[in-house]
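K.L.:
Top line first, the protein sequences correspond to chains R and S. Under the working numbering, the first residue of the first sequence is numbered 1, with each subsequent residue one higher. Under the working numbering, the first residue of the second sequence is numbered 1, with each subsequent residue one higher.
Please keep in mind that the hints were generated in silico from the structure rather than gathered at the bench. All of these numbers come straight from a predicted model, not from anything done at the bench. Please note that a few of the clues may not be correct.
Stated by the list, open to error - A partial selection of chain R residues facing chain S, derived with a Cβ cut-off under 8 Å:
(1) Ile23
(2) Val26
(3) Thr47
(4) Ile118
(5) Gln137
(6) Pro143
(7) Val152
(8) Ile154
(9) Ser247
(10) Phe248
(11) Ala251
(12) Ile269
(13) Ile293
Claimed, not checked - Computed footprint of chain R on chain S; a stretch qualifies when at least three of its residues, placed anywhere within it, have a C-beta under 8 Å from a C-beta of chain R:
(14) 199 to 209
(15) 235 to 244
Yeah, the Cβ is synthetic: ideal placement off N, Cα and C, and Gly gets one too.
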Amino acid sequence: MIRYALGRLTSLIISLIVASVVIFAVIEVIPGDPAAFMLGVNARPDTIAALRAEMGLDQPLITRYLDWVTGLLRGDFGQSWTYKTPVSELINDRIWVSLPLAIYALILSTLIAFPAGIYAASRRGGAGDVTIMGATQLGVAIPNFWFAMILVLIFAINLRWFSAGGFPGWSDPFQALKSLTLPAIALALPQAAILARVMRSSLLDMLGEDFIRTARAKGLSRRQALWKHAVRNALIPVLTIIGLQFSFLLAGGIIIEQVFFLPGLGRLIFQSISARDLIVVESVVMLLVFTVIMVNFLVDLAYAAVDPRLRTKA
Amino acid sequence: MSRNLIIGAALTLVFIALAAVSFIWTPAEIETLDIPNKLQGPNGTNPLGTDHFGRDILSMIMMGARTSIAVALVAVGIGMALGVPLGLLAAARHGSMLDELIMRGNDLVFAFPSLVIAILITAVFGASAVNAIIAIGIFNIPVFARLTRGAALPLWERDFILAARVCGKSAARISVEHILPNITNLMIVQGTIQFSLGILAEAALSYIGLGAQPPTASWGRMLADAQTLVSIAPHTALIPGFAILLMVLGLNLMGDGLRDWLDPRIRVART
Chain R
1 MIRYALGRLT SLIISLIVAS VVIFAVIEVI PGDPAAFMLG VNARPDTIAA LRAEMGLDQP
61 LITRYLDWVT GLLRGDFGQS WTYKTPVSEL INDRIWVSLP LAIYALILST LIAFPAGIYA
121 ASRRGGAGDV TIMGATQLGV AIPNFWFAMI LVLIFAINLR WFSAGGFPGW SDPFQALKSL
181 TLPAIALALP QAAILARVMR SSLLDMLGED FIRTARAKGL SRRQALWKHA VRNALIPVLT
241 IIGLQFSFLL AGGIIIEQVF FLPGLGRLIF QSISARDLIV VESVVMLLVF TVIMVNFLVD
301 LAYAAVDPRL RTKA
Chain S
1 MSRNLIIGAA LTLVFIALAA VSFIWTPAEI ETLDIPNKLQ GPNGTNPLGT DHFGRDILSM
61 IMMGARTSIA VALVAVGIGM ALGVPLGLLA AARHGSMLDE LIMRGNDLVF AFPSLVIAIL
121 ITAVFGASAV NAIIAIGIFN IPVFARLTRG AALPLWERDF ILAARVCGKS AARISVEHIL
181 PNITNLMIVQ GTIQFSLGIL AEAALSYIGL GAQPPTASWG RMLADAQTLV SIAPHTALIP
241 GFAILLMVLG LNLMGDGLRD WLDPRIRVAR T
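So here's chain S without its partners, still in its complex pose (with noise of 0.2 Å):
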């Protein structure tokens, strides 16, 4: 195992436990205002001090931990849910129409930055966690589609999948029992990715106020809140960011990590 997938796995193990644990404690009430107590430096009662609110930042560091992490999770869960099957469609009917609409789509999808789709569904229907999701997963759609189509070609050509042919499978059945378990490394590094991407996508759509809406805690709310206290206290603006940073770096050190410990022929071939 590489020192990237162990240091990768720590990083994010750690916001996992946090997230985990703000379901049963945190060390203060979010909920409850102190504005005497607001914009106070790191000290005894609040490891990370406090925000503009008084409230504790290292409680909604928890609580944000968790907003980041669902979010960009069930957007990784929809980007694999439809897309992995449509890429699986697209190369077992290899050079149809079928192929040829789902692929085409795909380039369309990806005309559309998720900023863009988000933009487009808040406009209409109103920002909240819940749109970033779709946005977030909209966009994962296609990455899946065009992996699992390209990791799945290949395969099509492979003497057991002949064999496959030959004992009568049908392609859906080729396509669940022997393409789909040859390529779910591949899924595994890649969701690591659209994970860590979901992550930044995420606080920049909180950012901007088109993500979790107060008072759900979000890495991204809590920098646009920090943006014109800044100066007077850099704290607030400081922890939430290394909090992404951290957790998005952790993430693509798995990813880089796993790629290398899940495939020996780039192992070999790296050195």
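Just chain R, same shape as in the assembly (with noise of 0.2 Å):
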């Protein structure tokens, strides 16, 4: 276990580097100057050479990548040059809305689909699976962000369950939860559609095994040998799902937010495009590489960890 985990996380580690280099290179070799690509067409040249040298742009390459992920390492994620502030406190500010809105999003969808696949695979082929599989056709093929207007346009313009969009802060939990609600809803439900498919399939594929036909002949009624041997036995594709879905629900989340109004990462990024605001693009683009990185790496050992299998093979 000790070796594959060190395996792993060589593979992460050069990731990281190449991940990091490869955004470097985009956002700040690729337009030429970024100075002058910053201010636009009609900056003077006293004005681009002042931000050249504010951003450090008179250093080789090499120094300024260094300088940059030695940096990141460091939670300094550099000056932002349309707020005047750190990266870092900008970041820090919106992903107390990117980050529980992924999360609360993960937990409705586990949610959702838990039940749903389970229901279906134990109903295989009656009237109970096929609605359910019909239903996650559907989920599947729902763009995300126009079920999120939809929403709006039921439960807030008509119902006014729930406010259209905005976020109030987190000094009151339970009105920054229920602004999060509809947010969450519109994220899951594609999410939650596919986790349905893989649980109802991989039950499927558990069911036919020979221990549930043993656990039947000692004389565990079917609803028995499904909770007790199958549905523990599925779980292990089911969880590397889930946690390949956090990141999705991470970035997918750029979108949503600007249904909603949110005031999370996806706006930073969008008014740091409009703005040109190129190092904060830079970093809010590289934490979230690192995060789906990041959590593949756990994802992977927690698989190793619970099948032995997985181990020896790498």
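Each of the two chains sits in its own frame; use the hints to bring them together as a complex.
P.N.:
Encoded structure:
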């Protein structure tokens, strides 16, 4: 297990290094002079020169890259050009919208998908199975931002149960959660549809295994065999998918935040793109990619811890 | 042929037909604005109503179908054109440094969700349909590379490949002449699925303003325009959404149906 973990850790570090080089190259090398790019076509040469010095662009490429990366490691994401504040502060203000939203959506998606998938598998071919599978087909095909607009139309505009957008802050946790509820549902639905399908097919695979027949032969009822043996074993692949979904939820939140005018990372990115505040874009993208790589790493480790066969294969 | 395949193919064909017809005819010109006639519900002259500029929504849907299909199709093409050869190469050189390099490269691209790629590209080059294609296309490459490698590896163990090697064929020739024909079905099925994901991704990107720019019609943009009007003119938001939903649903059903139809083993296993 330790050897496996070390191997994964090495590839984690290499992935992070390569990802940071790619992001750095795309943002800082390709556009030519980032300072001129950020200031636009009408900038005066002395303004550009001043920004170049401020951004440290007079340094060689490799020094700039190393400065950026060591800064990231210390939690120093640089200084935003438009906000004139440290990028880490900007991120810190907004991550408490984006992260809870992703977690909320993940919980909802699991709460919907587990019962649906288990029910469908246990009633295979029956009316319940067909209905649930039909619903998951729709769930996968619905664009989540459109579903979000429909939710606003029904629950915010017509029924007035929720507000149509905005975020009141965490001083009142109930109101904060309430304002994240419609976004979380919109974000969770397509993921729940995928998860329910995975749950169902994983459970059906398990129900065909010999140990289920053994369990039935020793006198367990269908229901007992399902819950005691099949569901527990079927959870392994499902947990992997849940881990992977987290990064989709975090990235997908960028779009949903736009629908509900939530002040999260997505908003920050779009404002920074239109203000050409490349330093902010660079850091937020790196943060997102870091999260994805990190979550994948943790999922790999958890998977290996649960299933010993994987360790030996690697 | 399954019911899924028939329904899916029919839905897909409807949208392809709408897109094709839009090249020669649309019910109205979408470049001409008709503000006095804005936000009309469905009626005789405008079967699906008009938007906030008084443009005919049916015509916009037809033109939008064109954008969606073009972006998603080219993105699938990019993914296949680069991903399949990479996967074939990795499988032919299984276990080598090259294989390892290709697979780790794939993992790396997977760490960049297509939305994040699009953000990076647009931050530097600006938003356009072409950049949306590139972003979705890059995301498709590792999908096809992995699938190709996974499907090709067991084939390399088969006797007919051994026979081909004995005949003195190079790995490249074997890959093209023997491996590729055996994985075509799989690629068609995955191509359909990536096509549907591409439609969703294009809609999402143009919704947040990173995709096709006005005056190019796009379903995602129509939804973005409709967002503030959803309470006074719900049809402006409902119709483009249903278009995306039906097109994606059609492609997914077609993908499922094709998989069952092209692979008899699944048909047996499922019953």
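K.L.:
Give a verdict on every hint.
P.N.:
Verification of the supplied hints:
Here the hint on R:Ile23 is kept, as its CB sits about 7 Å from the closest CB of chain S, short of 8 Å. Among the interface hints, the one on R:Val26 holds; its C-beta lies about 5 Å from the nearest C-beta in chain S, closer than the 8 Å criterion. The interface hint given for R:Thr47 is broken, as the beta carbon of that residue sits about 21 Å from the closest beta carbon of chain S, more than 8 Å. Hint status for R:Ile118 relative to chain S: violated, with the closest Cβ pair at about 19 Å, above 8 Å.
For R:Gln137, the interface hint holds, since its Cβ comes within 8 Å of a Cβ in chain S; the closest pair sits about 6 Å apart. Checking R:Pro143 against chain S: minimum C-beta separation of about 5 Å stays under 8 Å; hint holds. The criterion of a C-beta within 8 Å of any C-beta in chain S is met by R:Val152, whose closest approach is roughly 7 Å, and the hint holds. At its closest, the beta carbon of R:Ile154 sits 10 Å from a beta carbon of chain S; the interface hint therefore is violated under the 8 Å criterion.
For R:Ser247, the suggested interface contact is upheld, since its CB lies about 7 Å from the closest CB of chain S, less than 8 Å. Residue-level restraint check for R:Phe248 holds (minimum Cβ-Cβ distance to chain S is 7 Å; threshold 8 Å). A hinted interface residue such as R:Ala251 counts as satisfied when its beta carbon comes closer than 8 Å to some beta carbon of chain S; here the least separation is about 4 Å, so the hint holds. A hinted interface residue such as R:Ile269 counts as satisfied when its beta carbon comes closer than 8 Å to some beta carbon of chain S; here the least separation is about 6 Å, so the hint holds.
With a least beta-carbon distance of about 5 Å to chain S, the hint placing R:Ile293 at the interface is held under the 8 Å criterion. Only residues whose C-beta sits within less than 8 Å of a C-beta in chain R count toward coverage, and the stretch 199 to 209 of chain S has 6 of them, enough to reach three; the restraint holds. Counting residues of the stretch 235 to 244 of chain S whose CB lies closer than 8 Å to any CB of chain R gives 5, so the stated coverage by that chain holds, three being the minimum.
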